[in-house]
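Chemist: The primary structure of each chain is shown beneath.
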Amino acid sequence: MKLTLKIWRQKNAADKGGFATYVADHVSKDMSFLEMLDVLNDQLTEKGEDPVHFDHDCREGICGMCSLYINGKPHGPQQTTTCQLHMRSFSDGETITIEPWRAKAFPVVKDLVVNRSAFDRIIQAGGYVSVNTGGVPDANEIPIPKTVADLAMDAAQCIGCGACVAACKNASAMLFTSAKVSQLALLPQGQVERKTRAEKMVAQMDAEGFGACTNTGACEAECPKGISITNIARMNREYFSAVASSDNM
Amino acid sequence: MILDSKIPAGPLAEKWTKHKFSSKLVNPANKRKYDVIVVGTGLAGASAAASLAELGYNVKAFCFQDSPRRAHSIAAQGGINAAKNYQNDGDSIYRLFYDTIKGGDYRAREGNVYRLAEVSVKIIDQCVAQGVPFAREYGGLLANRSFGGAQVSRTFYARGQTGQQLLLGAYSALSRQVANGKVKLFPRTEMMDVVVIDGQAKGIVTRNLITGAVETHAAHAVLLCTGGYGNVFFLSTNAMGSNVTAAWRAHKRGAFFANPCFTQIHPTCIPVSGDHQSKLTLMSESLRNDGRVWVPATQEIAEKLRKGQIKANDIKEEDRDYFLERKYPSFGNLVPRDVASRNAKYVCDEGRGVNETGEAVFLDFRDAIKRDTRKIIEQKYGNLFDMYKQITGEDPYEMPMMIYPAVHYTMGGLWVDYNLMTTVPGLYALGEANFSEHGANRLGASALMQGLADGYFVIPYTVGDYLAQLAPTKVDENHPEFARAKEEVKQGIERLLKINGNKPVDYFHKRLGKIMWDKCGMARTEVGLKEAKADIQALKKEFWSNVKVLGTNEELNQTLEKANRVADFLELGELMVDDALNRNESCGGHFREEYQTPDGEALRDDENFAYVAAWKYLGEGKEEELVKEELVFENVKLTQRSYK
Amino acid sequence: MTWVTKTLNSTLGRKLIMALTGLFLILFLTGHVSGNLLLFKGDGGQAFNMYAKFMTTNPAVKLLSYLTYISVIGHIVYSIFLTQHNKSARPVSYSTSNGSSNSAWSSRNMGVLGTIILIFLVVHLQGFWAKMHWGEIPMVTYEGEEYKNLYLIVSEAFKQVWLVALYVVSMIFLGFHLSHGFASAFQTLGLNHKKYSPAIKAVGMVYCILVPALFAAMPLYIHFTSYTK
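Residue numbers (our numbering), protein chains in the order written: chain H, -1 to 247; chain U, 9 to 652; chain L, 142 to 370.
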C-alpha cells in the first residue's frame, strides 16, 4: 500500500505548528497504525529529519497512552485504540490526516503529543475511597449484587485516553468523569464520600476548562472501551442530589 | 563476600510476624521529616507510594508515562492469587506457598515466598475496600477461578482486566495522597541514576522528558519499582517504554543483579506478522482450558499450509498432531507455561509450524464449540476472540487461532534481602524489578500478587526499620556526589547525541532482540550463548559508533529516550548470557539443551545450582563477579516437576 | 447563597437550566398546539377566538405565560453562555472532522436550529401575539359578548404564500431541535434507565414529528381552504 500522510507537526507548546505531508510506501495491511508511523520515523531519521512524536506505550489497547485524531475521528475509523487499529482499515492511495487531540485542557506538547494531566487532577479531586492501607474489613464482608458489580466494572473499564474529549464537539470530559463517579457511586465502598466526590470532581472538571455535555453521544460512539453515557446521566443525578442535600456550602 | 538474605530464624509461619515486631519504628511525629523516592508507579510503586504517604512520610513518585495510571501493570489480564480459601477447596497459605515455590522450580527463598502467600489475603481486602470491582457470584460474594493449572480456585479477577483494575485502585490511593500533599508526582520523568553517598542511596538523578532538564532529588530512601526487562528481546508483551535503565544504573552503582537469565516465555501470544512488528500481544492463557494446540503431522502438509494451498480446516483429523495432549496425557494443553512454550518451539523447529513465517501453532476451538455451543465459548472468551480478530483480521470462531510463545515476564532482577533492600543500603527494589519471589518460573496470577504485597504490606514495615536508624535531618542535596552524578548523566546524554551515525535506534534494538531470542530464549546451549556474547559485544561497539540520535536534549526527544534505554539493554543482554552460561542446569524458564532428561524435560541440578546467582558490577568492560546466595530449603522437599 | 450560584454556574447547573426550561417549553408547545387545533373546527373561528380570549385573560394562564417568557429567555441566555464556554474549550479546531459518524446532525447543531427558531419566533410573535395584546384587532360578537377576531388576522395572514412557507420550514427546524432536545433533557436530568429510556426516546420521536406537523398543518389548512371560500 502507498499512503499520503498529512501530519500535524509542532516543535513545542509555544510553536504555532502546521501540517506536513509525507508519503508512506511499502505499508503492509498487517501493520498496526503505530507500526506504520514507526516505519515512517525510521525513514525520517535516516534522512536526518526529526521523527514524528506521538504517545504510545502498551500497544495492546489498555494503557490509554496512544491518541491521534485520524481522518476526523479519535483513534481512527474503528471503535478501538489507535494501537489496535490496523492498516487493513485503510485503502491503497488514501490520504490520512493525523492531528493531536484538540482541547484547551489538553495542550499540545509536541507534534501529536498532548498533556492530559487534567484527567489526573480530576481523579485527585475525589476519584477514590479514602481508606488507608491495612485495617479494612474482609473482602467478603459486604456482599455486592453481581449486577451492581458488573455495572461498576463497565464504568471502571475507562482507560483515560481522552477520546471522549477529543470526539466531543464541546471538548467535554463528562464521560471520563462520570465513569469514575459512577463506579464509586454504585459500590457500597463508595457511599461514604458519595456526595462530596460528585461535587468535587465536577468542580475540578470545570476548572480544567472542559466544555459542557450536549448529549450528542459522540463520546460513547468513539470510546474504545464502550463506556456508556448512562454514566453521564448517573453523574448528573449524583451531582444534583449532592448539591441539594450535602453540607458543603 | 557473603550475601545475607536476612531471613529471620524460626518456624516458617512465624518469620514475618516476628520480623515485623523486631523491626524498628519511626516516631509518628518524626515521619514527616523523612523523604522517600519511589520510581515507577505500577502496582508496586503506586501501592508503596500511597502507603508510605499515608504513614506520614514525604514521598516523591516518578514515572516516565504521562500519568501514573499507565504503568504496564495495567495490561495484566488473568487475575491475582490469594489464599483466601473462599471456595472451601483445600487452599491455604501453606498451599499457595508450596505451589509458588514448586512452580518456581525451587529457585526462590522459602521465607520470602511464605510471606507473599501470607499477605496475599490482605491484598484482596484492601482492593475491595478501594472499590475494585472484582467479579462476583449471584449471591454477592467474590468469584474465583482456577488459573494456570492450579488445583484450587484461588484467583480473583475483574473480567480480563484484573491488572487494570488493581492498578487503578492503587492509582486512586496514590491520587488521594497527591491531593493531600503527601506525594509529589513527577510524570514524564525518567530516572537516570542513583546518588550513593558513603555507601548509602541518598537520591536520584532524573531527566524531565518534556524539557530535557537533568535534575537531582534527595531522599532518605529510594524505592525502585520499575518493572522487568523483557524488552531486551525487542519483541515482548511488555509496553514499548518498559526498560531496565533504572535497575541497570542502580546495578552500576553497586546493587547486585540476580538471576538475570530467568525469563518467562508465555505460550499464548499472537504470532509475529512481519519485520515491522513492534510488540507482541498476549492472550490470556485461560484459552488453553478449551482450545486444543496442534500442528500438521508432517512437514509436507505444513508447507502447503504456509504457501496457502490448503486451509487449516481442510486438514483431516489424522493429519493433525495434538502434540501437548500426545506428550502429556494427564495435563494435556494445560501444562505450565515453560513446557507449553518449549514444545511449540520444537514442532516449529521441525518445520511443522504454521503461519507464513512458520513460527506459530494452532489453538483450535472447533471441538469446544461443537461440545459447548458457540454461545458459551463467546461468553467465556468473547473479548479475547475479538482482540485476536482485531489484530490478525481472522475470525477464530471459523479458523483456528494461531499462537506462538513470546517473552512475558522476567523473574530475575535486582538482588534484595528479606527487607527488599538491595546491596546498596537505602536502595530498595519492589515488584518485578526485584528477583525474589518467583524463582525460575512465575505462576499465573502471581505477579500482581507480588507487586501489591511488596508495596502495600512489606515495604511500609521494612523501610521504617531502616529510616528509624537514620537521623531525621534533611539529606543535603549540595553534597558533591549529587553534582557529580548529575554531570555524569549529562555527559552520557551528550555522548549519545554526538555519535550521529547512520542507523536508527530500533535497528540495534531489533538486532539485540534477535540475538537474545535465538540464543538466550526458550532453549539455550553453551555454544549458542558464547556466540551470543560475542555478537552482543560487537553490536554494542557498533551502537556506540553508528547510532543516529537526532535533535537535542532540551526538548521532548523520544529517540534519545529510546537510545538511552537500548544502551542499557545492550549491557544487560551480555550479563543475561553470562548468567545463562553459568547455570549448567535447566530449571523453570531457563532451559539448557545440554541438561535434559531422556524424554526432553528440564533437568535440575540441585546439588550444584540451588543458589541465587547475584552479579556484581566491577566497571566498564570488565566481567562481572558472581556472588552466590545458597538457597536453604527447610520445609519443602525438592522434587522433579512432572506433567506426564 | 454561594452554593446556588456555584451550582448554576457549573457546566452541569447550566445544563440543568437548559433541560428544565426546554422541558417547560415542550409543555407549552403541547398546550399551544392543542388549543390551536380549534383552527381546524370550521366554525368561522368562533371557538378559536373564544379560546384566545381565555388565554389572554385567565390569571392562571397569565402566570403560566410568564413562566414561558422566563423559560424562553433562560433557554436562550444559557444557551449563549454554554455555547461560549464550549467554544472556548477547544480554541484550536480540527482541520478534518467526521462528526456524522458518531452523532446525529441535529444534536451537533442545536445552536443553529435554535437560532433559526428564534428568528421565526420574532416573526410569529410580532404577527399574532403582539397584535393580540396591543394591536388594533377587529372585534366580533358571539352570544352577546365581544371578542377580538384573531381568527380573521390569522386567516388573512396565511393567505400569503411566503408566510405559509416560512411557517412550514420553521416547523421542520423545530422538529429537528425537538428530536434531540426531548430525550436530551431527560438525560441531563439524570433520568436514564434501561427500562424507561427507550420509551422516552420513542415518545420524543413521536412528539418531534407530530407537534411540528400539526403546527405546520395549520397555515397550510387555512391557506388552502381560503381558495375554496
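Everything labelled a hint here was simulated from the structure, so no lab data went into it. Yeah, the Cβ is synthetic: ideal placement off N, Cα and C, and Gly gets one too. Accuracy of the hints is not assured; some may be wrong.
[As the list claims (entries may be wrong)] Label pairs and their calculated CB-CB ranges:
1. U:387 <-> H:186: 53 to 63 Å
2. H:21 <-> U:553: 51 to 61 Å
3. L:208 <-> H:186: 35 to 45 Å
[Stated by the list, open to error] Restricting the straight-line Cα-Cα distance to at most 25 Å, the calculated cross-link-like pairs of lysine-lysine (BS3-like) are:
4. U:538 <-> U:522
5. U:383 <-> H:27
6. U:14 <-> H:9
7. U:383 <-> L:289
8. H:27 <-> U:498
Chemist: Evaluate each hint against the coordinates.
Modeler: Each hint tested on the structure:
no.: 1; hint: U:387 <-> H:186: 53 to 63 Å; result: 27 Å, violated
no.: 2; hint: H:21 <-> U:553: 51 to 61 Å; result: 31 Å, violated
no.: 3; hint: L:208 <-> H:186: 35 to 45 Å; result: 41 Å, holds
no.: 4; hint: U:538 <-> U:522; result: 15 Å, holds
no.: 5; hint: U:383 <-> H:27; result: 30 Å, violated
no.: 6; hint: U:14 <-> H:9; result: 52 Å, violated
no.: 7; hint: U:383 <-> L:289; result: 71 Å, violated
no.: 8; hint: H:27 <-> U:498; result: 42 Å, violated
Hint compliance for this structure: hints 1, 2, 5, 6, 7 and 8 are broken, all remaining hints hold.
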